[in-house]
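Please put together the full structure from these sequences, using the hints given.
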Amino acid sequence: MMTATALFVALLAELFPNGISHYAIGGLLVGVGTAVIYLGTGIPAGASTFLESTLSYGSSLSRFQQYRPSRDWRVVFTFGIVAGAAIYAATFQSGLVGSSLHQPATTGELRDVGGFTIWLTDVQPWRLFLGGILIGIGTRLGKGCTSGHGVCGVGSASSASFVGVATFLLIAIGVAQLVQALGVSP
Amino acid sequence: MSAEHEQHPLFMPLVFVGGLIFGFGLGFSHMAQPEVVLNFLQLSDLGLLFVMLGAAVVTGITFFGVKQFRSKAPLTGAVYGRRLKTLDKNVVVGGGIFGVGWGLSGICPGAAYASLGVGNIFILYGIAGMFVGAYVQGFWRSARADSSAPATTAD
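So the protein lines, in turn, are chains A and B. Taking our numbering, the leading residue of the first sequence gets 1, the next gets one more, and so forth. Taking our numbering, the leading residue of the second sequence gets 1, the next gets one more, and so forth.
Think of the hints as simulated: they come from the structure by calculation, not from any bench. Quick caveat: nothing in here was measured; it's all calculated off a predicted structure. A virtual CB, placed ideally from N, CA and C, is assigned to each residue, including glycine. Honestly, I wouldn't trust all of these hints.
Sample of chain B residues at the chain A side, in silico, Cβ under 10 Å [said to hold, decoys possible]:
#, residue
1, Pro9
2, Leu26
3, Arg70
4, Val92
5, Gly133
6, Ser148
Written as structure tokens, this is what we have:
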């Protein structure tokens, strides 16, 4: 029994080297944010439609103009996401607030800018840009992203979203392994 | 969802507050860090499963539970419904292209907006790429829609 417990603990430490509390709390908050909007408005808000709806301000293409009715609130939603993450940066990330449930960043670079700690990625710009292009094409063609399919769609028990999530998750795991095997880092 | 539904004075403030909580959660969970997402996809730290599971469980309970108490949303009058999309070839092809981009970069749209919020200015490369990609597919699909159905108007 003791051995089984020790094995289990060792396995957890192997699979979750940074613990799970900050992941689970963050995920619950992402769900609460989505739920607040849904309860008030009936809208299951995803993050990737913003890309197309915002393009409707500058392009008359029919594909973008169809999102005209929702483009204003989608800008507000996105500003909210940026501002919410900035509040996290000003509090926990800057060390103003602490909790045993919070995990300080172990990746990238933390830099102090006048008392406000910002976090900077080490992932190379070409990966962000090229990946971004594929994400812009894929999420819009595939009818959703990690929040639209992954949170709202899975929460709706939608079969299209289960298929979408399984597809992008498995492909992403394969590609990330391949990129790592090719020695691209970070 | 028509624009007149946005007339309620609390509509935009509520969307903003929802975004704040959403973005704070992405910061707190470190999903705003591409490295953490890449560590997950390379299977060296599976903690990100709890971000996605935690979020889907809360929305699932909300989406299915609210209908026991109300049928319509107070600020818009919209009937509470599920987020259902048609399952077709596009879901798989688009999901596959998104998967390649996600695996290459470790970013996705919501997490990228949050990454900007934690101060990661380099994420602007990724967000710029997303707009380029969204424009490319929109340009291509608008052209195809216009040539195959010339009688259809944009509205």
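Go through the hint on Arg70(B) and say holds or violated, using the shortest Cβ distance to chain A against 10 Å.
-> 9 Å, holds
If you take the shortest Cβ to Cβ gap from Ser148(B) to chain A, is it below 10 Å?
-> 12 Å, violated
Going by Cβ atoms only, is Gly133(B) closer than 10 Å to chain A?
-> 2 Å, holds
Interface hint outcome for Leu26(B) [beta carbon to chain A under 10 Å] | Leu26(B) check passes; min Cβ-Cβ to chain A is 6 Å, inside 10 Å.
Measuring from the C-beta of Val92(B) to each C-beta in chain A, is the shortest one below 10 Å?
-> Since the shortest Cβ distance to chain A is 5 Å, the answer is holds.
Hey, does the Pro9(B) contact hint survive, CB to chain A under 10 Å?
-> 12 Å, violated
In this structure, the hints that do not hold are numbers 1 and 6, in rising order.
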